[in-house]
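Just so you know, the sequences run in chain order A and B. If you count by our numbering, then the first sequence holds residues 1 to 135, one letter each, in order. If you count by our numbering, then the second sequence holds residues 136 to 463, one letter each, in order.
It should be emphasised that the hints constitute simulated quantities derived from the structure, not laboratory data. The beta carbon of each residue, even a glycine, is placed where N, CA and C say it ideally should be. One should not assume that every hint holds.
Claimed, not checked - Pulled from the structure, derived: some chain A residues nowhere near chain B, Cβ distances all over 10 Å:
hint : residue
1    : F34
2    : V36
3    : G40
4    : A74
5    : D97
6    : P127
7    : Y130
8    : S132
To be verified - SDA-like, lysine to any residue: derived pairs with alpha carbons at most 25 Å apart:
hint : chain 1 : residue 1 : chain 2 : residue 2
9    : B       : K328      : B       : K210
10   : B       : K328      : A       : R50
11   : A       : K47       : B       : I318
12   : B       : K210      : B       : A186
13   : B       : K216      : A       : F105
14   : B       : K314      : A       : V124
Said to hold, decoys possible - If you anchor each label on the Cβ, the simulated ranges turn out as follows:
hint : chain 1 : residue 1 : chain 2 : residue 2 : range
15   : A       : L20       : B       : P345      : 14 to 22 Å
16   : B       : K210      : A       : S132      : 52 to 60 Å
17   : B       : A364      : A       : A31       : 27 to 35 Å
18   : B       : N164      : A       : A31       : 21 to 29 Å
19   : A       : G40       : B       : T233      : 25 to 33 Å
20   : A       : M112      : B       : G208      : 22 to 30 Å
21   : A       : L60       : B       : P274      : 25 to 33 Å
22   : B       : R321      : A       : W21       : 57 to 65 Å
Given next are the chains, with one letter for each unit.
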Amino acid sequence: MTEDNAVKEVERETGSGTDLWSVIIAPFIWAAHFLVCYVGAAIYCQKLGRDADLGDIRLLVLGATAVALVGIGASTFRLWRVRGRSLTDNDFEYEHDTPEERHRFLSHVALMLCVLSAVAVIYVTIPMLYLSSCR
Amino acid sequence: MRGHMRRGATTIAKVSALLVSAATLAACNTEQSMLHPAGEDAAAVNSLFWAMAIGAAIIWIIVMGTTVYAVLGKKRPKSEKFADRFILLGGVAFPTVTLAALLVFGLALLPDWVRADAPDLRVHVTAEQYWWRIAYEQPDGSMVDTANELFLPQGQTAEFVLNSTDVIHSFWIPTLGGKIDVIPGRTNLWRLKPTEAGVYRGVCAEFCGPSHALMAFPVIVEAQADFDARLAREAAPAAASNDLFLATGCGACHAIRGTEAAGRVGPDLTHFASRRTMAAGTLPISAENLAAWLLDPDHIKPDVRMPGYDSLGQSERDALVSYLLELR
Ligand SMILES: [Cu+2]
């Protein structure tokens, strides 16, 4: 590790937690959002028939998307403090097997999952902006 | 080991033969080609295809170029910051944005059913193993029954009311638009707007049994006046009745309007001989083909829902054939 890295090392939060919730919270939000959207739309269309306009359920989907993105954003913000500064430097040396490294590794994974989940949530939402009826 | 290699070689030979024949087929036969759109939806899908194909080619070239550069290029290390940016932009942001753009492009092609106007024409299509029951809805609500051949007026929006009586089929006229599954117990609606006059080919696009590949239909797009005349002719009763046809029991399955034959199991034969094909796009109509059909339809279409008539004498079958050819 270079001198430069070692200096910056101090700036970030250190810890030893291996809290798995913080790793899966973003994918969990993604899954919940997915279910709310699909199950919600399925029930809505079952009740109102195939010709129904999607107007009301679109609001539900957009609302769920806002909540999901805020949730994922909060998780991202929390993880940012333990972030690895670079994708490519030798920030990750896993050969030490210390609690600190485990914590950092899991936080990095969680951060990546936040990005993935945010993209997925947005992708789930996009079709709703284009569909007009239950058909 | 040798055997493996030989099998590998023949596979390659087969695949290239397929590719070559596919290329030549695509070049000379456009009646069933999505790349020769003759309808609004097909034109949209065609532009989506070209956008995707060209975009994919460009991305492929860039990725391959980068790979070649990485392997053969000057090995001067880049900065860490550059590497980070490269991965974030090229590996995360670019695919995300590109896929979102493709999603939006594709979604924008979806029909807007809520704001759609009433169609100009409604056609009821029922898919059955292995043929198509077709009925044109007239302005007064009455139906004109026919089968295995579809006429559409050029420039008009036709709405298809699709049902199946047995298994899942799929209704697809590649030159006019996308396909839609035809599902037993469910009525699917589908709209197509042909823009170019011509003769095309529709197919069943969902495997439905041994004769699935023999379940097609000619599609004729023509000017509105020609279509109207055609529909009037189609609505008229048959040219003649035939005692042998009735006595043999064909009428239990086939309807010939204007005669006692009123069966609903098989295709309506009222104007059978005016069609371009027989047995759902399988053969051209001719005395020989009809004679072979009556003798052993299962030989022509495996698992067909019509019995063979080898029990009849040759002269009776000939008489039936000449009667069928009269039904213009
Ligand atoms: Cu079929």
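Hints not upheld, ascending by number: 6, 7, 8, 9, 12, 15, 17, 18, 21, 22
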